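Here the protein sequences come in this chain order: A and B.
The first sequence begins at 1 in our numbering and counts up one residue at a time.
The second sequence begins at 1001 in our numbering and counts up one residue at a time.
Each hint should be verified, as a subset may be incorrect.
[What the hints assert, rightly or not] Which residues of chain B face chain A? A partial, calculated answer using Cβ under 7 Å: (1) 1030; (2) 1230; (3) 1235; (4) 1252; (5) 1435; (6) 1546; (7) 1559; (8) 1565.
[As the list claims (entries may be wrong)] Below, a sample of chain A positions facing chain B; criterion: calculated Cβ distance under 8 Å: (9) 195; (10) 199; (11) 392; (12) 522.
By construction, these hints were calculated from the structure, which means they are not laboratory data.
Note that the structure is predicted; figures quoted are calculated from it, not measured.
Beta carbons: idealized from backbone N, C-alpha and C, even for Gly.
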Amino acid sequence: MEVSRVRALRGPNRWSQRAAIEAIVQCSAAESSAKALKALASELRVHFPELDSPRNLAHALAVTVLHLQIRAGCAVSFLHVATTSEHDTYQVVIEYREEAVGLLALELAHQACTALAQGKNFDFSSAVDRLRDLDEDQRLGPSTASIVRAASARGIPFTRLTEGSLVRFGWGSRARRIQAAETSESSAIAESIAQDKELTKTLLETAGISVPKGRQVINAEDAWNAALEIGLPVVVKPRDGNQGKGVAVNLTAREQVMTAYAAATEVRRDVLVEQFLPGHDFRLLVVGDRLVAAARRDPPQVTGDGITSVQGLIERVNSDPRRGGGHATSLTKITTDATTLATLLEQGLTLADVPAAGQRVVLRNNCNLSTGGTATDVTDQVHPALAECAIDAAQMVGLDVCGIDVVCQTVTQPLEAQGGGIVEVNAAPGLRMHLDPSYGSAQPVGEAIIDALFGADDNGRIPLVAVTGNNGKTTTVRLIAHLLAQVGHRVGMTGTDGVWVNGRRIDTGDCSGPRSARSVLAHPDVDAAVFETARGGLLREGLAFDRCDVAVVTNIGRGDHLGMNFIETAAQLAEVKGTIVRNVAPTGMGVLNAADPLVAEMAQTCPGSVTFFARDRHHPLMAAHRVRGNRVVFEDGGAIVAVQGNVEHRFALRDIPFTNEGQLGFQVENAMAAIAAVWALGLDWTRVRAGLQSFSTDAAGVPGRFNVSYHRGATVIADYGHNPDAMIALVEAVESIPARRRSVVISGAGDRRDIDLSDQTRILGQAFDDVVLYQDACQRGRADGEVLALLRQGLDGARRTRRVDEIQGEFRAIDTALRRLRPGDLCLILVDQVEQALAHIAARIDGLAPALASQLRTNRHPDTRLRGSAGLAQAA
Amino acid sequence: MARFRHQDIQALTLQPTARMNQFPHSITFISETVLRGPNVWTYFPVLETQVDIGSLEDFPSNRIPGFAERLSAWLPGLIEHRCSPGVRGGFLQRLDEGTWPAHILEHVSLELLGLVGLQSGFGRARETEKRGVYRVIISAQQETVSRLALQISRDLVLAAMADRSFDLEAAVDTLRDLAESKWLGPSTAAIATAAEDRGIPMMRLNEGNLVQFGYGCKQRRIWTAETDRTSAIAEGVSRDKELTRRLLAQCGVPVPEGRIVATPDEAWEAAQEIGLPVVIKPTDGNHGRGVFTHLASQDEIIAAWKIAVQEGSAVLVERFIVGNEHRILVVGGKVVAAARGQIASVTGDGQSTVLALIESQLNSDPRRGTTEDHPLNRVRIDSAAQIELSRQGLTPDAIPAAGQEVLIQRNGNVAFDVTDQVHPEVAEQVCLAARIVGLDIAGIDLVAQDISRPLADQGAAIVEVNAGPGLLMHLKPADGFAQPVGKAIIDHLFTGESSGRIPLVGVTGGRGRCAVAQGVAELLREDGRRTGLACAKGVWINQRPLQTEDGANWKGARRLLLNTRVEAAVIENDSHTILNEGLAYDRCQVGIVIDATDAALDHPDLADPEANLRVLRTQIDVVLPSGAAILDAMDPVAVEMIALCDGEVLLYSMDAAAHVLLEHLKRSGRAAAVRDDLIALVHGTHEVVLGPVTDFVESAHEVHALNRVLAIAAAGWALGIAPAQLRGSLKTRVIQEFLV
C-alpha cells in the first residue's frame, strides 16, 4: 500500500465542510484481495471493536486514521473513500481537528495497516499516546478554547495566528484578536500597572476600595518591623510575582516572617509585607463593566479520620478519577513537595502523622488549581456592592478583562462590612476555574469576552463574495469589486493576476487560491472581499473561509483542465467548483448561470437563496424560478433586468460601456452575474449604475480580458482565453466587430487534454483568416512541437482560415501578426504570459483604443449583428 | 497666568559693619510646607520654608566683607537674576546694597536648581512678625530636589559669609543626581510639555514615567511612549519578530525573507538558501543587541549565531537589505517623524590605531556622548564592530594605512532627521505595518537606500516594528529639525479641542462651603453624571463613600481626579488647604466663594480682610477662561474678586437691588438673586423665576440657607443645567438637608 500526495484541506472542500486530510492510496492486487482484506479487518477489530467491515484497503486505512484520532480524544467523524479512474487507486479523506494530529494519525495508521497486513504487531496504545500528547500540545488551551467556542456559537470566524494562543476573530477591518484571556483592547499600560502590586494598591485605595495595609521592605529585619507596624498576622510576597510563587500567608512569628522573606527574595528582589486578611480566597472575573463570574478557591487540603496518615489521606483524595495530571480536568492531583512539607510543619505535622478525625489539614497555602486546589463557583451569590467594587478596581487599573483576587469571609456581603479586601488584580486571568469549576456550575465567560469584543449585531465578518467558473471569473471579480468600491468599501480582491487591497496590488502571480484569500481576510484595511476561487486551490487546500455571503458561478460549459487531479468530467469539475455554493451562508445568495446545466444544478446544494441569471429570460429554469418569487437577472430590450416578484430594476446596456451596447455577449453575462451579486449585498442602486458606467476593461483595468487597442488602423484584442468555451465566446464577440481580415495568435497549454487543444483551433478556424501558432514558454510536460501539432490538427478543414504560421516564442508571434496588419484588420492575440505579453503589445502598438463602443458604432455594418448566442461567457 | 501679588522685602536700615573673624552665626530651618498645587504664592508647586537667621539679622550682605564677591564668584549665573531692580545684575545690586540671608537663600536655591536643569523657578522671601524669622518660597517641581537645593544654599551661603571653602561641584552633582532620578524621561517629558501647551493637566502616577493626563473619566495614561490604548497583544506581536514578519508579509508589506534557525549549521544553510549576505538577530532581542548585518561567510555567520542566541529565545536569519537604517514614528495612523542612521567609519593616517582613530575622528564629535542630551552614542568596539574589523583584516589595535577607509559600525545611531523626505507610499506602508501589528504608536525600522522613493523600487524592507519607541532621536536629532512628536502623541490622545477635563467645581469660603459643595454635587448627580464629591464630611462618588473623614483637602480631591469613573467633581477647599497644601487641581470650570468674610473664623491668618482675599482668591484665580466664578454680590471680600476671574462671573445676591449686582447686570452679567421673595436667574434684563423663596428654604429669614441656595443655583446655571431642572433638583429633600 502506497500513500502519496497527502494534503491538508484546511477549509470547506469538495468532500465536506470540515477540515480533512486527503491522500492518494494505491494498493497492489495482492493487498486488495478479499482474503487479505478480511484478515486485516479482523486484526483491526481487535483494537477497534466498533469497526465495520472495510470495503477495501484504502477504506481500512481511512477508518484506522479516524479511530486513532478518536481514541486520542479528538472529536472527528467524517471520512470518505473515493475510487479514481486508476485501478486500485483511491482518494481517502479523513476529518481532523488538529492538522498535525491528522497527519500523524495517517502516518501511524499506514504503519499499522502495513504491519498488520504482514502479520506483524503494531503498538496501538503507544500510537494513541503519541497522538494524544501531540493533540494536547497543538490544541488551544482551555481559556482560549472557551472564547473560540463562544465566537463560533455567534458565527464569528476565527483564525489561529500562532501555534500558541494568539487568535484572530473576524476578518479584515472588523477583526479583533485575543491571546488567552487578553483581548486586542487590553491595554499594555494597564497590564504593567497590574504587574506592580504597590501601584495597583495605591490606585485601588484612591478609589476607596478596601486593600490590605502593607509596605515594601528592604530586608528580613525590616519585614518583621513592617509586620509589627501593620499588625499580625501578615502575608509576605514578592512585589511583581505571579501564580503565587514565593507567597507566604498567615505569618505570626518573627521566625516565619524571616523565612518567608528569604523565600520571596528568591522570586523577586522587592518584597512586600501585607496585612493578612482572614477568610477565603475568591476570584472575581470582570469583563468590560460587568462582573461575569466568581469562584471560591480553596487550597489543597485533607480531613483526618483518626486512622489514616496525611500521606494516605492525600492518596485517597488523588484517587478521585476527576483529578487528572495536567490542565485538562476540573481537579488536579495534589502535589506533595517541599512546600507541602513546610506547610504541614507549620501545623506540627509530617506526612506520616495521623490527624484526628475531622481535623482539617491544609497542604499548601495557595489555591492554584494546578497544585491541587479546588474552585467553587459562587457567581450567583456576589453582593451588588462587592461586584461594583470589583468593576471599580478593574476600571481603575484599566483592564478590560480582569481577574480580581479578593480575600473575605463571604461574597454575600460588601467588603467593608467584613474587613475583606482586594489583594491582587490580574491581567489575562485564567478562566479554567470558571469554565470547569471543581464544584458548582460553569459560567459563560468566553461568551462574555466575545460580547465585549463584538457588539450584538457584529459577527466580525465583512461582505465576502466568491466567484468561480470556467470563463469570465476575473472580469466578474473585478466588476463586483469595482461596484463595492462605489459604496465606499475598501475592497480586497484576489484573482489570477494578483491580490489587490483598496486599489493597491499587494501580491502578484496567480492568486486565486486560499492562501491569497487568507491574506485579504487578514488585512486590516479590507471592508469587503471578492475572491476568484479557482479549481487548483480548492483541490489543494479547500476554501479560505467557512462561508460566504455570495457565491457566483459563471459557467462550467464543457470544462477545463480535465484529466488533471482525477477530475475527468465536466460534472466532476462542477462538483469541485460547487464547493463555494455549498458553503453559502444561510442568509447568503448563490448567483448561478441558469443557461449552464451543470451550474444551474448547484442551486439544489445552496444553503442560502439563489439568483439565476441568463440572457434568455424565457429559459425554463429562469421562468420557473421567477414564478416562485425568486430573483432572476436577464437581458431584455437592450437592458439587463433584475426582477423579483413585482420589483424590477433595469440597466440599459448602452450605460454599461464594456458590453459594447450588449454586443459582447460574454460581457453582458459577466455584468448580469455582478449585478446579481451586489443585489444580494444590498448595494445602493444609484452607485451600482454609476459603477457599471465607469467600469473599464482595458489592459490596465482587467489585464488579459478582451483588452482592445489600435495599431495601424487595425483593431487589436488581447485576451487570456485558453479553452474551447472561451473560444466560442471570443468568436461570437469578434464576429460582432467589422473587419477586413481577421487574424489570431494562439498557443496551447501542454497540460490540457489533446481534444481541448485542437478544439480551440477548430473553433477559431471558422472565424479567422490567418492563424499564428506559437509554442508556449513552458510545455508543461509535452514534447517539443506536440502542442503545435495538436493546434494545427484543429485547423484541418477550417472553413475560413487561409494561412497558418508556426512561430517559436510568444513575442515573435505577436510581432509577426502585428507586422501584417493593414487598416481595417482585426487581430486577436491569445496571450500566455499575460503581464509580459501585454507590456510587449503596449510597447508595439500605436495607442490604446478610443472608447470601444463609439468606434464600433461608427464602423458598424448592418450584417455584423450578433448571430445567436452560444450561451457562454468568455475569457478565463 | 501668574500674577505675583507681593512687594519685595523693604531694605532695612543698615547696621554698622562688624568684623567676623570667627563666624558664630547660623541659619536654622524651623518648618517646611510643600504646597503641591495652586497656592497663595503662585500656581505651581512650591516649597515654603520658615527660616530663622538668628543673629544674622544684624548682618545684611553689605556688612560681610567679601561675601558678595565670593558668592558671585561661585555662582556667576547670579548676574542674570533681575530681582526687584528688574534689570540684569539686579540681585547683585541688592547684595551690594545689603539684603538678608532669607532673600539670598531664595536666589541661591533658584540658581542651583537652574544649574541642574530646573529653570523657570519661582522664588520669594518674606518677613514674618517674628524678628529674624522669614519665609522662603521656592518652586518645587520636585519637592525633594528643592529641599536639597535649599539645604545646599544654606551651607554655601554660610561658607561664603565665613570665607570658608565649599565644594560646589560635589554639591551640584549630588543635586543633579537627585534631580535626574526624579525627572521624567525625555520622551515622557516631551509629551508632558505638549500637554501643558494644550492646557491639559498632568499628574504623575509613579516615580517613573507613568503619567495621567486629564482628570477623572476623561483621563488618558501614558508610560513613556505607550498609551493606555496601546494593545498588550500588539506589543507582544511586535516583540516576536518572526510573527511580525509573517503578518506583514501576508499583507504585502515588504520584509526581508528569512527564517528561524536552531543551530549554527542551520544558520549557514538558511543563509545560503536566502542568498548572501544575511543578517542574524535574536527573534525577540532589544536595542539592537546581538544583531549582526552583512554577514557573508560561514565563519561570520556561525560566530554571529553564537552571540545572538544569548540575546533572545531564538535566532533569525534574514536577507541583508542594502541601505541605511531608518526609524519612522507612526502615531495614530500617521507618520510624524523619520530619522536615518549613518555608517560610522574612520580614515587611517598610517600612525594611529583603529581605537585612537575612533576617538579622534568619531568620539570627538560633541554630539556623541553617554547621556540623553547627546543625540549620538559614543562609538565602541562591540561584538558587531569586532566582526566588521576582522572582515577588513584589522583589530582594534591595528594601524590602518594613511587614507584607508575603515568601516566601524554599519548601523550607527539613527538620528538624522529625514521627516520631510518620506515618500507618501513609504508612509502608507509603515502606517499599514503599525495597523497590522495593532499599535497606536509604533517605531518602524526600515532599511532603504533612499526614503524618498517607494520601497519596492529599491528592494527596501521593513525589518522591525517597535512598541513604546524612544522619541529622543526625533526630539534631538544629530542633524536636521526636531519634530513635534510629543504634540503628535497628545493630539492622538486628545482629539479636537478636548483638554481631558471633566466639569470640576471648586468651593471655598466660610461656613457654607460644605453645604454648597454637597448641593452642587447633588445637582450634577441629578443631571445624570457620576459625580465625585470631596468635602469636610468625606469623599463620595455618587452615593458610594470612599472615605468618611474630612476630604476637603488636597488628598481628598486628588482621589477624585485620579478616579477613572468620575464624570464630574465637586471639591471643597478650606483655607487651611489653600495655605498649607495648595489646590489639587490646576484649573477648574467653576469656582465658588461663599461666606468669604466669615472665613476669618477658620484661620487666624484670615482675620485681616486683605489676607482673607489673598487666600480665597486662589480659588477664583484658577477658574478657566471658559469657566465661571460664583461670587456673593453682598460680601465685600468676594466683590474684590470679581476683577480677578479669567472666566465669566456669576453673582448671587439676597438683595436684587444691591449696587454691585445692578452694575453687573448692566454689563449683561448673569446672577441668581432674590427679588420680591422670589428666587430668579437674571441675565442682563432677562430673568427666569425659579420660584418663591419658601419653595427652597423654610423662610426668607433663613439667610444662610437662602444664600447657599442662591450660590448652588448660580453654579448649576453656570454648569449648563436648565432652569427647569434646577428648580426640581433644588427642591429635593437631599439638597434641603444640606442647607440646614
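Hints, verified against the model:
{"no.": "1", "hint": "1030", "result": "violated (29 Å)"}
{"no.": "2", "hint": "1230", "result": "holds (5 Å)"}
{"no.": "3", "hint": "1235", "result": "holds (5 Å)"}
{"no.": "4", "hint": "1252", "result": "holds (2 Å)"}
{"no.": "5", "hint": "1435", "result": "holds (4 Å)"}
{"no.": "6", "hint": "1546", "result": "holds (3 Å)"}
{"no.": "7", "hint": "1559", "result": "holds (5 Å)"}
{"no.": "8", "hint": "1565", "result": "holds (6 Å)"}
{"no.": "9", "hint": "195", "result": "violated (11 Å)"}
{"no.": "10", "hint": "199", "result": "holds (6 Å)"}
{"no.": "11", "hint": "392", "result": "holds (6 Å)"}
{"no.": "12", "hint": "522", "result": "holds (5 Å)"}
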